[in-house]
Amino acid sequence: MPTPSTSTQTLPGTANYPACTPLMEMRDVKQHYAVHRHLPIGPRKFVKALHGVDLSVHAGETLGVIGESGCGKSTLARVMAGLEKPTQGQVFFRGEDINTLRGDEKKEMRRNIQLIFQDPYSSLNPRMTVEQLVSEPYEIHPEVAPKAGRKAKIKELLELVGLNPNHSDRYPHNFSGGQQQRIGIARGIALNPKMLICDEPVSALDVSVRAQVVNLLDDLQKELGLSYLFIAHDLQIVRHISDRVATMYLGRVVELGTYSDVYDSTAQPYTRALMSAAPELRRNDGNDREKIILQGDPPSPIDPPAGCRFHTRCPMAQAICATREPELIAVGDSHEARCHFAKDLAAEFVQRAGA
Amino acid sequence: MSSTRKANSMGIHQHANPAADAADDVLLRVKDLEVEFNTSKGVATAVNGMNLEVKRGQALGILGESGSGKSVTARAIMGILDMPPAHIPRGEILLEGEDLLTVTPRRHRQLVGSRVTMVFQDALTALNPVHPVGRQIGELYRVHRGYSRRDAKAAAIKMMDKVRIPAAAKRVNDYPHQFSGGMRQRIVIAMALALDPVLLIADEPTTALDVTVQAQILELLKEQQEERNMGLILITHDISVVREVTDQVAVMYAGRVVEHGPTAEVLSRPGHPYSRGLAASIAGEELKGRRLPAILGTPPDLLHLPAGCSFANRCAFASEACAASVPALELIDEARHSACFHTSEVLAHANA
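From first to last, the protein sequence lines stand for chains U and B. Sequential numbering of the first sequence, starting at 0, is according to numbering that gives the first Met the number 0. Sequential numbering of the second sequence, starting at 0, is according to numbering that gives the first Met the number 0.
Calculated directly from the structure, the hints in this document are not laboratory data. Take the hints with a grain of salt, since some may be wrong.
Below, a list of computed lysine-lysine pairs in the BS3-like style, where the Cα atoms sit at most 30 Å apart [stated by the list, open to error]: (1) Lys44(U) - Lys106(U); (2) Lys290(U) - Lys287(B); (3) Lys290(U) - Lys157(B); (4) Lys106(U) - Lys29(U); (5) Lys290(U) - Lys105(U); (6) Lys157(B) - Lys169(B); (7) Lys221(B) - Lys157(B); (8) Lys54(B) - Lys221(B); (9) Lys84(U) - Lys146(U); (10) Lys40(B) - Lys290(U); (11) Lys152(U) - Lys221(U); (12) Lys161(B) - Lys154(U); (13) Lys221(U) - Lys290(U); (14) Lys44(U) - Lys29(U); (15) Lys169(B) - Lys221(B); (16) Lys84(U) - Lys154(U); (17) Lys44(U) - Lys169(B); (18) Lys221(U) - Lys287(B); (19) Lys105(U) - Lys29(U); (20) Lys54(B) - Lys161(B); (21) Lys161(B) - Lys342(U); (22) Lys342(U) - Lys287(B); (23) Lys54(B) - Lys157(B); (24) Lys105(U) - Lys84(U).
Output of the computed footprint for chain U on chain B, the stretches with three or more beta carbons under 8 Å from beta carbons of chain U [to be verified]: (25) 120-130; (26) 144-153; (27) 293-304.
Bear in mind the structure is a predicted one, so any value in this text is a computation, not a measurement. Backbone N, C-alpha and C define an ideal beta-carbon position, used for all residues, glycine too.
Make the full structure from the sequences, and use the hints.
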C-alpha cells in the first residue's frame, strides 16, 4: 500500500497546524431538526439530536461511541463527516472549521474524511461492478491514482481488504455480507483518508464474519495510520477496538474516557445500566457487576426531560436530578461523567480495588 | 444427496419412542426435518435433517447465523411457511405426540396459535395497524374460547397487565403505533401467552430493540416461562441472549443442529468446531489489542451444499473424512450431542 500522499500537508491553510491539535474536534455542536407541523399554527418543535457535544479524535486514535437508538450516534457521524451543517457549534479538521472551507480546501477535507455504513448492500450501487465501485472515488480525485496506474491500484486495494482481485468484474449481489462490507471499506480507504467514520460497520454482519471485519479494520488502522470514529451498539466490539469511549444519551455525551475508565470504573448510571445489559460484561468484571434493568424506554428527543436527561429512568435519581442538569465532571485524568454523583460512583471502584 | 440423507437418519432420534416422550415430558420433537425452497436457480436446502426436542419447563436456545435455518424451522413448526416455494420432503414435527405435518387443517388450527405460539422479531409488522391492541389480544379469546366482547376486553387488559404495560386499562384502545418498540413487543408477547400455550417460540424477539429494552423483554420472557412451566424456544444469533435465558442450546449450521446440550457447558466447553469458533469470536477483555479469533471463510451456499460436513471448508480440525460424509449428531457426554468426527480433539483443546 502506498503511503498516504504527503502533498496534502502543503495545501494552503493545512501546512502548519500544530502537532498537538486533535485531528478532529467538535465544539458545542448542536443539531436540531424541525418536526413537520400538520397545521401552520402552534409552536415549532425540534428533535434535538445533538445537544451540545464536545468530542475530539486524535491522529491514529479510535473513539468508540455507544448508546441506544435515538441518542444521536448517527447524527454525530453525519455532522462529523460534513454531510450536515450543525445548527450550532463547529467541527474542526486539523484545526479548521470544516463548514467554512470552500473550493479545493473543502475537496481536500472531504477526501480525508470518509464513511463506512451499516448496511453494506444498500450502500453499494447494484448496477456497478466491484471495480467500478472502488474506482469511483478516483473520478473525483484523479490525483490520488492517475488513470495509467489505476487498475493496479484497485487490485492492490482489493487485496488489502481481503477480496480476490480476480472478482473485480462481479456485482455486489454476488458477494456475501462480509465481503460486501469489505467492498465498502475499500471504497472508504481508496483516497488515503486520515479519518474513517464507521457507523455501525459490523452490526448487520453475522457473528462469525463480524470478527473478520473487526480484525481488518484493526489491521488497516495500523498499516495506514487511520483514525476511527467507531459507532456500534455491541459493547464488547467497542471495547475491543477503541482507545477512548464516549457514551451518549439523548443527544448528550454522558461519559467519556479511555476504554478501561468507561468499562472498568464506570462512573455514570446510564453507562452502568448499558454494561449490565450485556451478560459477558457483567461476568468479566471479576466480582459480578450488579444487574440493572432500566424501567421504560428512552424519552423522546423532541421533549427531553428537564434537569438530568436520564433522571426519569435512573435507579439512583435524587431531587436535584429533576431540576439541574449536571455538567461533565472530571473523575480521573482522562475520565469525565455527566452525573451529580459521578465522584461517588467513581470512588466505589477505587474502594473495591483496594478491598 | 442420498448419502447425506442416510447419514442424517443416524441422528439422535433413533432411541426415541412415543412411550418415552410421555415419560420425560417432551413437548415438541422435531425428527429429521427437511425444508427445501424452489428458487429460480435451483433447490435451496434450508433445513437439512433437523433433530430437536423441547421438554416441559425447558428453555431451549437455537443459535445460528442468518441462513442456518433457524427461522425456517420455527416457521415449519408453526405451519406458516409459504408453500410453494417451500416444501417439506420429509420429517416429523411432533407436538405432544401429534404430527403437525399430517394432522387435519382443523386440528392444526386448534393446536397452532393456542398450544404452541410464536413471537416475531418485528412487533410492528406482527400487529395489525388499524385495530386497537386490546381488540387484537381479545380476538384470540373470542375465536378460540368464544368469549363475549366485554369478557374478551377484560381478558386483554388482564394480559396487558401481566406483561407489565403501564395503565393497561387506559391503553387497551390504543393503536400499535402509539406504543414504543419495547411496549409493542410486550403486546405481541401478551398475544402469544393469552391462550396459555405449552410452548412458545420466540424468533429473534429482541433483535430490533435497544439493549436496555432487550434486558426488560428477556426478563419478562424468562419469568413467564418459569411461572407457567412452559417450553420456550428462543431463536437468536446472539450468544449473550442464549446465555442469559436458556438452559439448553442447539447450535445450527447450514440447516443442521451441530451441537446440542446444556447452555453453560456448550458455551464454555464447546464440542463442535463451529460452536467453538462462535464462542471464541466474542471480544473478551483478555483479547484487547489482539486479533479476534475469527472463523475464516463464509457459510456455504444453500443451493450447493457440500457432500460432507458443511463446516469442513472453514474448520481447523477438518480431515478427509469430513469432506466425504456428514457426521451424525452423537452423544458425547451426559445429555450433550455433537455432530463432528473430531469432537474429542475439540474438547481436548478446550481443556488445554
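Checked hints:
no.: 1; hint: Lys44(U) - Lys106(U); verdict: violated, 34 Å
no.: 2; hint: Lys290(U) - Lys287(B); verdict: holds, 24 Å
no.: 3; hint: Lys290(U) - Lys157(B); verdict: holds, 28 Å
no.: 4; hint: Lys106(U) - Lys29(U); verdict: holds, 24 Å
no.: 5; hint: Lys290(U) - Lys105(U); verdict: violated, 48 Å
no.: 6; hint: Lys157(B) - Lys169(B); verdict: holds, 12 Å
no.: 7; hint: Lys221(B) - Lys157(B); verdict: holds, 19 Å
no.: 8; hint: Lys54(B) - Lys221(B); verdict: holds, 15 Å
no.: 9; hint: Lys84(U) - Lys146(U); verdict: violated, 33 Å
no.: 10; hint: Lys40(B) - Lys290(U); verdict: violated, 49 Å
no.: 11; hint: Lys152(U) - Lys221(U); verdict: holds, 20 Å
no.: 12; hint: Lys161(B) - Lys154(U); verdict: violated, 60 Å
no.: 13; hint: Lys221(U) - Lys290(U); verdict: violated, 37 Å
no.: 14; hint: Lys44(U) - Lys29(U); verdict: holds, 15 Å
no.: 15; hint: Lys169(B) - Lys221(B); verdict: holds, 27 Å
no.: 16; hint: Lys84(U) - Lys154(U); verdict: violated, 36 Å
no.: 17; hint: Lys44(U) - Lys169(B); verdict: holds, 27 Å
no.: 18; hint: Lys221(U) - Lys287(B); verdict: holds, 15 Å
no.: 19; hint: Lys105(U) - Lys29(U); verdict: holds, 21 Å
no.: 20; hint: Lys54(B) - Lys161(B); verdict: holds, 24 Å
no.: 21; hint: Lys161(B) - Lys342(U); verdict: violated, 39 Å
no.: 22; hint: Lys342(U) - Lys287(B); verdict: holds, 27 Å
no.: 23; hint: Lys54(B) - Lys157(B); verdict: holds, 28 Å
no.: 24; hint: Lys105(U) - Lys84(U); verdict: holds, 13 Å
no.: 25; hint: 120-130; verdict: violated (count 0)
no.: 26; hint: 144-153; verdict: violated (count 0)
no.: 27; hint: 293-304; verdict: holds (count 5)
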